[in-house]
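A.B. asks: Sequences are here, hints too, so could you generate the full structure?
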Amino acid sequence: MAIDFSLSPELEEIRSRVRTFIDDVVRPGGAIIDGEGDAEPLTGKDRIKALIGLRKQALAEGLWLPHMPTDWGGMGLGHVELAMVQAEAARSYYGPWVLNCQAPDEGNMHTLLHWATDAQKEKYLKPLCEGTTWSCFAMTEPEVAGSDPTLIRTSAYQDGDEWVVNGHKWFISNAHRAKFAILVCRTEENPDLPQAANTAFLVDIPQEGWNDVRQIETMHGSTGHSEILIEDLRLHNDQMLGGRGQGHLLGQYRLGPARLAHCMRWIAQAETALDMMVERSLNRFSHGSLLAEKQGVQWMIADSTMELYQSKLMVL
130 MAIDFSLSPE
140 LEEIRSRVRT
150 FIDDVVRPGG
160 AIIDGEGDAE
170 PLTGKDRIKA
180 LIGLRKQALA
190 EGLWLPHMPT
200 DWGGMGLGHV
210 ELAMVQAEAA
220 RSYYGPWVLN
230 CQAPDEGNMH
240 TLLHWATDAQ
250 KEKYLKPLCE
260 GTTWSCFAMT
270 EPEVAGSDPT
280 LIRTSAYQDG
290 DEWVVNGHKW
300 FISNAHRAKF
310 AILVCRTEEN
320 PDLPQAANTA
330 FLVDIPQEGW
340 NDVRQIETMH
350 GSTGHSEILI
360 EDLRLHNDQM
370 LGGRGQGHLL
380 GQYRLGPARL
390 AHCMRWIAQA
400 ETALDMMVER
410 SLNRFSHGSL
420 LAEKQGVQWM
430 IADSTMELYQ
440 SKLMVL
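Taken in order, the sequence shown gives residues 130 to 445; the numbers are from this note's numbering.
No lab work stands behind these hints: they were computed from the structure.
There could be a bad hint or two in this list.
[To be verified] Straight-line distance between alpha carbons at most 30 angstroms, and here's what the computed DSBU-like set of lysine-lysine pairs gives:
hint, residue 1, residue 2
1, Lys174, Lys308
2, Lys252, Lys178
3, Lys185, Lys174
4, Lys423, Lys308
5, Lys185, Lys250
6, Lys255, Lys308
7, Lys441, Lys255
8, Lys178, Lys308
9, Lys308, Lys252
10, Lys174, Lys252
11, Lys441, Lys423
Fair warning: this is a prediction, and the values are worked out from it, not measured in the lab.
C.D. replies: Shown next as structure tokens:
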């Protein structure tokens, strides 16, 4: 029996509002920014102005910060509701950013909300919620398996009121423009549990000892995933995020919901591609018939539809 992905009337109304906003505002705005057709793409201040304009419209429509509580200016949605919003927002490349629920900031906001002190929230979380700053999350390392944070080698030792950090991180998304990082490093040499070895810190960027070596090339070019070399980086005790030895727990708390949001964004992009394929097949006439009437094309559309449904089942 198929699983029913329908929502309650209240949530369906939110989903519908987001879809309408993406279709009527963000997609046309994105086309202008990207310079579709014969138009030139916007650059520099013109591009920034256009993007900020889209964000102001999202705020005015009450579609700002879907993942944050209402007392932080957000929509106060839970994980399931947020997944549905992400699935609509990401139908446009700019959608999550316009709604201020883009990675990695979305996950970092969620983390700061529950782990930061009041002073840390004022300094780091508030600007993120206002959309006036950028952040990154630095945990993955080249020397060890990135999926096992208990193997982290970046280490910190205490020197009075400060911690001195040395290590190596890579594939740190958004680090090239971030104003601060959540850094996970090893502080405990012989913990009772391997999951109690790490601690998280807040790092202001730029800062002496934090070196952005390069943006790593990927299959679709260099898109903001940095390699970071950390050399004698000094961090005050006040920059510790959460308790000592709580870095692993904090990381899992952050990454769990973020994985859900990521997956729904990719599903949204796959759905958009499928919609484009179907539309093309219904309009393209070739060798005596529409593409949609050709068995080989029907197979591809059917296979893609089933794979997309399977992906939804795995995520939700």
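A.B. asks: Does each hint hold? Answer for all of them.
C.D. replies: Outcome of the hint check:
{"no.": "1", "hint": "Lys174 - Lys308", "in the structure": "holds, 20 angstroms"}
{"no.": "2", "hint": "Lys252 - Lys178", "in the structure": "holds, 25 angstroms"}
{"no.": "3", "hint": "Lys185 - Lys174", "in the structure": "holds, 16 angstroms"}
{"no.": "4", "hint": "Lys423 - Lys308", "in the structure": "violated, 53 angstroms"}
{"no.": "5", "hint": "Lys185 - Lys250", "in the structure": "holds, 23 angstroms"}
{"no.": "6", "hint": "Lys255 - Lys308", "in the structure": "holds, 13 angstroms"}
{"no.": "7", "hint": "Lys441 - Lys255", "in the structure": "violated, 33 angstroms"}
{"no.": "8", "hint": "Lys178 - Lys308", "in the structure": "holds, 20 angstroms"}
{"no.": "9", "hint": "Lys308 - Lys252", "in the structure": "holds, 11 angstroms"}
{"no.": "10", "hint": "Lys174 - Lys252", "in the structure": "holds, 26 angstroms"}
{"no.": "11", "hint": "Lys441 - Lys423", "in the structure": "holds, 27 angstroms"}
The structure fails hints 4 and 7 (numbered hints given earlier, in ascending order).
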